[in-house]
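So the chains spell out like this:
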Amino acid sequence: MPEIVAFNAIAAGIEPEAEKDPVALSGPWGRKPRRALSPRNIIIYGTLIVVALYYLLPLYVMVMTSLKGMPEIRLGNIFAPPLEITFEPWAKAWSSACTGLNCDGLSRGFWNSVRITVPSTIVSIAIASVNGYALANWRFKGADLFFTILIVGAFIPYQVMIYPIVIVLRELGVYGSLTGLIIVHTIFGMPILTLLFRNYFAGLPEELFKAARVDGAGFWTIYFRIMLPMSMPIFVVAMILQVTGIWNDFLFGVVFTRPEYYPMTVQLNNIVNSVQGVKEYNVNMAATILTGAVPLIVYFVSGRLFVRGIAAGAVKG
Amino acid sequence: MENVSVSVKDLSLSFGAVTVLDTLNLDIKDGEFLVLLGSSGCGKSTLLNCIAGLLDVSEGQIFIKNKNVTWEEPKDRGIGMVFQSYALYPQMSVEKNLSFGLKVAKVEKAEIDKRVSRAAEILQIQPLLKRKPAELSGGQRQRVAIGRALVRDVDVFLFDEPLSNLDAKLRSELRVEIKRLHQSLKNTMIYVTHDQIEALTLADRIAVMKSGVIQQLADPMTIYNAPENLFVAGFIGSPSMNFFRGELQLRDERAFVHANGVDFDVSAYPSRGPFRDGQKVVLGVRPEHVRVDEALSRQLSHQAVVDIEEPMGADNLLWLKLAGQSMSVRIAGQRRYKPGTAVTLSFDMAVASIFDAVSENRL
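First to last, the sequence lines map onto chains A and B.
With the first sequence counted from 1, adding 5 to any position gets you our numbering.
With the second sequence counted from 1, adding 112 to any position gets you our numbering.
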């Protein structure tokens with residue numbers, strides 16, 4: 006009576022010594038095995054490696070060159086690592102490289118850029134988020150028209166607007182100052198940021214907004230207490246867009262400010278393009294890396310948040 | 113009008129050229145549980161939003177507690193509202209969710225605590241007070257949402273499909289709880305749903321809506337047993353009422369509905385006015401008002417063959433062919449019929465409905 010034996014064994018909590026079914030045990034079982042080196046994997050990883058190299062190689066050359074002295078650079082082996090590492094080009098780029106008349110390096114441009122980027126980013130995000138919130142939740146008369154005008158504004162080439170803006174800034178008495186440039190950056194960030202925030206807020210459940218209104222919350226209470234705490238991802242996205250965009254700006258910096266207020270990008274250009282004496286490739290490379298460091302750090306620090314914010318916007322908006 | 117709680121007068125709402133509500137009138141008594149029932153797009157949620165003040169009306173007036181609130185903000189109307197998607201503030205704990213409205217209204221701290229703990233006790237959510245909405249199940253979230261309306265200490269509760277996001281089991285549990293809540297609080301409640309079971313079980317009165325117009329406003333039993341028109345008759349009841357299109361014929365002092373070669377004797381039907389010979393009508397009979405193999409009388413009997421059997425446990429649903437169309441009959445669960453069995457059907461015409469085929473109104 007094998008069944009009874011097996012049954013008793015189960016009842017006692019013991020694995021029954023079952024007669025093994027040869028068919029059930031020989032066929033495919035469990036997780037399907039995957040080969041590491043399938044043609045598919047080779048293509049995927051091959052492409053990824055090639056693309057990564059394509060982007061990393063220039064950075065590699067720049068870092069290596071910036072760490073070499075001029076005699077070593079003249080040997081011409083741009084891919085070779087430095088024989089003698091020197092940080093002098095970095096120091097020079099930061100504090101004593103010459104741009105036109107003054108020779109105090111990129112440091113002044115760096116602080117100018119900070120003084121431009123920080124207020125522009127904060128003010129533009131503050132205004133655009135309220136704009137987006139009003140457009141998404143408080144449908145006022147002419148809201149669609151307003152929004153359309155704002156978006157159309159984003160498609161007008163900057164070049165068309167430069168001269169009129171120069172006149173406007175001059176009339177306001179802020180032409181050539183940092184304030185003027187901050188105003189310009191704030192205004193030019195408005196269309197894309199408003200669109201970003203409007204779509205994000207429109208994607209939040211409408212009933213949440215209704216519930217807050219029934220609870221008696223007004224325009225600002227709903228904005229600060231309900232909407233803002235829910236919107237951190239999109240604020241991070243907006244911050245990254247603005248910081249990198251304004252930091253990398255060259256055109257507005259050169260047009261709307263005087264030399265003593267030039268942002269870092271303009272100064273970098275002046276250092277690299279100065280024609281007196283020998284071309285110091287190592288200093289140029291160091292200066293370029295220094296200028297690019299801020300957006301790079303912003304991406305590294307907040308890259309994950311950025312992706313999450315974009316994804317959240319894509320799903321909900 | 114002493115005991116009217118909410119009164120809607122000649123209310124119209126249009127978005128551009130689209131009229132969503134058309135000169136709608138509705139009086140809701142104090143402490144009444146009124147259900148607005150209709151399929152999606154019928155304007156029931158729009159009407160609720162108008163009462164809440166979340167939508168501006170195009171024409172007409174809204175009174176709550178005899179006060180004209182047509183132009184008032186939602187918070188000043190003395191209403192609390194519960195939404196389908198719960199609409200809890202995700203970054204706040206349950207306690208903060210409950211107290212948010214009171215804090216905005218600058219109610220004293222002690223009073224807030226008192227009301228929050230009372231609401232938590234009524235809804236049995238005390239253990240959840242410190243949690244965030246994301247850590248709650250659907251049923252718990254909806255309970256918190258009801259609590260948020262509760263702490264506001266309002267006269268009128270508005271429910272916008274509150275159970276539609278829950279699974280079937282939770283839905284029936286919470287349905288009972290809402291009914292219990294209404295019995296103990298005795299507030300006026302206006303409840304929007306597309307679920308007829310919710311409407312029939314909860315309501316004191318149901319307003320069946322279609323295209324922005326109330327089709328019938330009556331207590332659940334009247335709605336179910338004496339639908340005012342063809343739409344209400346077809347909308348309420350699952351499976352739906354059986355309809356036979358035909359012609360009224362008066363012979364030998366009896367009345368018949370002649371449909372597709374079959375004569376239905378409707379002499380027992382309690383009609384509102386005299387029948388007109390030759391009138392085009394629709395005869396409606398609910399599945400449970402047909403007897404199988406137990407003839408009421410010879411005149412009322414018809415032969416049919418079982419097409420499909422759907423056993424549902426308590427009931428057994430038979431689908432048959434009669435007068436060239438499919439019809440359903442509900443019988444007791446233990447009575448089983450194999451497909452292909454010939455049966456005798458008899459119709460209980462005293463509880464049937466007859467509608468004019470043109471106007472679609474009850475005769």
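Read the hints as simulated data drawn from the structure, not as lab findings.
Some hints here could point you the wrong way.
[Stated by the list, open to error] Computed, partial: chain A to chain B, Cβ under 10 Å:
1. Pro33
2. Arg36
3. Ile161
4. Leu213
[Stated by the list, open to error] Cβ-Cβ distance ranges computed for the label pairs, FRET-style:
5. A:Val56 <-> B:Ala246: 45 to 55 Å
6. B:Gln295 <-> A:Val157: 36 to 46 Å
7. A:Phe224 <-> B:Pro239: 27 to 37 Å
8. B:Gln173 <-> A:Gly223: 17 to 27 Å
9. A:Gly223 <-> B:Ala246: 22 to 32 Å
10. A:Ile156 <-> B:Ala246: 32 to 42 Å
11. B:Val288 <-> A:Pro33: 24 to 34 Å
12. A:Met237 <-> B:Ala222: 25 to 35 Å
[As the list claims (entries may be wrong)] Non-contacting residues of chain A with respect to chain B, defined by C-beta distances greater than 12 Å in every case (computed):
13. Ile227
14. Met235
15. Thr270
16. Ser279
Backbone N, C-alpha and C define an ideal beta-carbon position, used for all residues, glycine too.
Status of each hint after checking the structure:
1. With its C-beta approaching chain B no nearer than about 36 Å, proline 33 (chain A) sits outside the 10 Å limit, and its interface hint is violated.
2. Because the closest C-beta pair between arginine 36 (chain A) and chain B is about 32 Å apart, greater than 10 Å, the hint is violated.
3. Restraint check, isoleucine 161 (chain A) versus chain B: the minimum CB separation of about 31 Å is more than 10 Å; hint violated.
4. Taking 10 Å as the C-beta cut-off, the interface hint given for leucine 213 (chain A) holds, the closest approach to chain B being about 5 Å.
5. Range check, valine 56 (chain A) to alanine 246 (chain B): about 38 Å between beta-carbon atoms, so the 45 to 55 Å window is missed.
6. Distance hint check for glutamine 295 (chain B) and valine 157 (chain A): the Cβ-Cβ separation is about 58 Å, which falls outside the suggested range of 36 to 46 Å.
7. Here the CB-CB span from phenylalanine 224 (chain A) to proline 239 (chain B) is close to 36 Å, well matched to the stated 27 to 37 Å.
8. Between glutamine 173 (chain B) and glycine 223 (chain A) the beta carbons are some 25 Å apart, a value that agrees with the proposed interval 17 to 27 Å.
9. At about 26 Å, the beta-carbon gap between glycine 223 (chain A) and alanine 246 (chain B) stays in the expected band of 22 to 32 Å.
10. Between isoleucine 156 (chain A) and alanine 246 (chain B), the C-beta spacing of about 34 Å keeps the proposed range 32 to 42 Å intact.
11. Against the hinted window of 24 to 34 Å, the Cβ-Cβ separation of valine 288 (chain B) and proline 33 (chain A) comes to about 50 Å, which falls outside the hint.
12. Checking the proposed 25 to 35 Å range against methionine 237 (chain A) and alanine 222 (chain B) shows it holds: the Cβ atoms sit about 34 Å from each other.
13. A Cβ of chain B approaches the Cβ of isoleucine 227 (chain A) within 12 Å, the least distance being about 10 Å, so the stated non-interface status is violated.
14. In this structure methionine 235 (chain A) is not separated from chain B by more than 12 Å, as the shortest Cβ-Cβ distance comes to only about 6 Å.
15. With a minimum CB-CB distance of about 38 Å to chain B, threonine 270 (chain A) clears the 12 Å threshold, and the non-interface call stands.
16. A cut-off of 12 Å between C-beta atoms confirms that serine 279 (chain A) is not in contact with chain B; the least separation is 53 Å.
Against the hints set out earlier in the document, violations occur for numbers 1, 2, 3, 5, 6, 11, 13 and 14.
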